[in-house]
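Number of protein chains: 2
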Amino acid sequence: MFLVWLLVQVMALCTYPNLLDSPSFPEDAKKRARRILQACGGNSLGSYSASQGVNCIREDVAAYITRRDGVPADPDNIYLTTGASDGITTILKILVSGGGKSRTGVMIPIPQYPLYSAVLSELGAVQVNYYLDEDNCWALNVQELRRAVREAKEHCDPKVLCIINPGNPTGQVQSRKCIEDVIRFAWEEKLFLLADEVYQDNVYSADCRFHSFKKVLSEMGPEFSSNVELASFHSTSKGYMGECGYRGGYMEVINLHPEIKGQLVKLLSVRLCPPVSGQAAMDIMVNPPVPGEESFEQFLKEKESVLSNLAKKAKLTEDLFNQVPGIRCNPLQGAMYAFPRIVLPPRAVEAAQAHNMAPDMFYCMKLLEETGVCVVPGSGFGQREGTYHFRMTILPPVEKLKTVLQRVKDFHIQFLGEFA
Amino acid sequence: MFLVWLLVQVMALCTYPNLLDSPSFPEDAKKRARRILQACGGNSLGSYSASQGVNCIREDVAAYITRRDGVPADPDNIYLTTGASDGITTILKILVSGGGKSRTGVMIPIPQYPLYSAVLSELGAVQVNYYLDEDNCWALNVQELRRAVREAKEHCDPKVLCIINPGNPTGQVQSRKCIEDVIRFAWEEKLFLLADEVYQDNVYSADCRFHSFKKVLSEMGPEFSSNVELASFHSTSKGYMGECGYRGGYMEVINLHPEIKGQLVKLLSVRLCPPVSGQAAMDIMVNPPVPGEESFEQFLKEKESVLSNLAKKAKLTEDLFNQVPGIRCNPLQGAMYAFPRIVLPPRAVEAAQAHNMAPDMFYCMKLLEETGVCVVPGSGFGQREGTYHFRMTILPPVEKLKTVLQRVKDFHIQFLGEFA
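Here the protein sequences come in this chain order: F and A. In terms of the UniProt record's numbering, the first sequence is residues 1 to 420. In terms of the UniProt record's numbering, the second sequence is residues 1 to 420.
The hints are simulated quantities; they were obtained by calculation from the structure and are not laboratory data. Hints may be right or wrong, so weigh each one.
Within a straight-line C-alpha distance of at most 27 Å, the following computed DSSO-like cross-link-like pairs (lysine-lysine) qualify [unchecked claim]:
#: 1; chain 1: A; residue 1: Lys261; chain 2: F; residue 2: Lys101
#: 2; chain 1: F; residue 1: Lys101; chain 2: A; residue 2: Lys93
#: 3; chain 1: F; residue 1: Lys261; chain 2: A; residue 2: Lys93
#: 4; chain 1: F; residue 1: Lys93; chain 2: A; residue 2: Lys93
#: 5; chain 1: F; residue 1: Lys93; chain 2: A; residue 2: Lys261
#: 6; chain 1: A; residue 1: Lys266; chain 2: F; residue 2: Lys93
#: 7; chain 1: A; residue 1: Lys101; chain 2: F; residue 2: Lys266
#: 8; chain 1: A; residue 1: Lys93; chain 2: F; residue 2: Lys30
#: 9; chain 1: A; residue 1: Lys366; chain 2: F; residue 2: Lys266
#: 10; chain 1: A; residue 1: Lys266; chain 2: F; residue 2: Lys366
If you're wondering where the values come from, they're calculated on a predicted model, not measured in any experiment.
One chain only, chain F, in its complex shape:
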């Protein structure tokens, strides 16, 4: 986590309400804690909440979305979840189930975050790959969506289109134009849109902005805004708080069929409720201090410090990778990762095959053994046949990150020499 002080304070007050009398906590932290506790059973984080989540927290999420998009959000459409992963799994479970002769197809980007492939495999759905355009900053190309859906229809029934924006592991931030095209495509093909927007606060490139699918959809006129089904996900685990241990998340659903909504509530109620402490963390994230509140200045300073630091490290990482012969790295426009392409010499590919390993796995294992740096091979996320990548987070402190990057650079040059 990034130690945003207000979060720590409100969580402390909610966990130990005796502190509400302590003069060492700011008034706005107390106000937030009181509001949360009053909405909790027994005024405690230790009681079950409603399966959909604590009412006032869902209201705060709706108000947050309304402010973000300038388009109203309805608390009834908000579901608090156990991190975003839980929400994504739950909605996919509902969308994939239900008869039909052919199996349900779910379109996912390649490279993807492996939650998607894992859940689709669990659910017995067909994974329909669409490839992001590496030569174009990992942009999503609607022509590629058309190709993927056309080929998929020969063996399954494509029903869902998953988008990760900003991208994980690829870090691209989608343009408004691209999002409009995707929505139009989803409408034409009657696909349910699943927008994984957990990195919405993590945008670093000066020429990029986050546009939510909800906002763009709402502004495309009633033909789209009243018909395209959408679920969007957010999380306390990323952004400038990074409070992943609390497992807080929400999803907003738009145009969900009432019958499906009934099924969703039923499915959620089987698991009783998301962790109430995670729900409280979500409330702090969507309800940040405003000018005039005691915590405002410090909060703003902390938020800007975390985000500008990440932006600095994003640039640093891109620049350094692109100085290395045989490594090519797209700009890290958003999210928290670099996903550079590595050119592996044919002899290295042969050596990997001799070890019965994927070539990028062979590379990453050698990197780990020789430098202590642990990165994830691209084959874990999917990549175009014959290309190789790895994913690295930019979370280490700047000086440490510099050391890490230098080690990768030295290793890579030595590796090229070894297998030349």
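Please arrange chain A on chain F, whose structure you already have, making use of the hints.
Relative to chain F, chain A alone:
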């Protein structure tokens, strides 16, 4: 929750480590908090843990089981979960998946806790009912297991036997003899045993004791203890803490095939980790104060007060229900519920049918409308054809519970008159 002070204190210290310097917290609470935080990434509840759970907490769970059973437990066999529901769902998912010509059958008690029927329906498994013996205090009868498995084999492949002990909603506590019989049966039929033991601390009848399946299995000799596969579940949500909002739980697996174990870890890692605050709550539950520690006296007092109060309410509820003509209630040996049988007059059954409702649902809705008392109809848990029940918790404070019981009594007598 039941407000056990040590839990609140340790959770506060873990959430807000500044308090570790405060003189108003007992030393043993600080010691516990430090131990937990040192094992957490970034010394914080806000970071991801390992998918299986924080190491030192799994060690404390293993030590707890070892003390409870007098039989060693291995931390490697402990998985921390998001409440017990999550653990039960996950293990069932693994056991039910995987080919075979006929569908997997899972044996569950009737009446059951509806998590089971819901998850089996989600997973497309066959629910194989075995009936608990209402005339014999809801005991589990191995002859009935034999009947159920014999009939099930005609249309599915029974692989799992679920046991809830102490029972929910039925409140029975199984004898050691019964557990031995069940284990022998599972061994003969090669069934995976799933022991839902979340009410293990909630035993009230003086002539009953909780025996864990793990302990009994371990003491039956190597033929059983090395072969019968078992998963046992526990939770922070019940017992004398009742900290359900934190979603803490664990499962212990015994004799799990290494390949299945690999699958389990993979499946868990997709969801990243259980909430770390719930893991911390679990640590406090399995690591209570010992004589000599500062919190010992107060903790003991609180624990005994919660449990003796529940025992008193269990007896009160049983006694009052059995004074009402047409209600018959088995002893509430354990757990937190009464599940009385109600005799409904034929005219009431007809009236329910005219309303297109199950007769017990009709009864419960009328009870709610006329008295404000909300109970759950037996049909939600399953019951023998033609019998009717409802489930009521014994959680309200004694005086309130008395009022509730009196209202149910008055309503029932009036209901019998109305439909005589």
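Q: Compare the structure with the hints numbered earlier in the document and write down the numbers of the violated ones, lowest to highest.
A: 1, 7, 8
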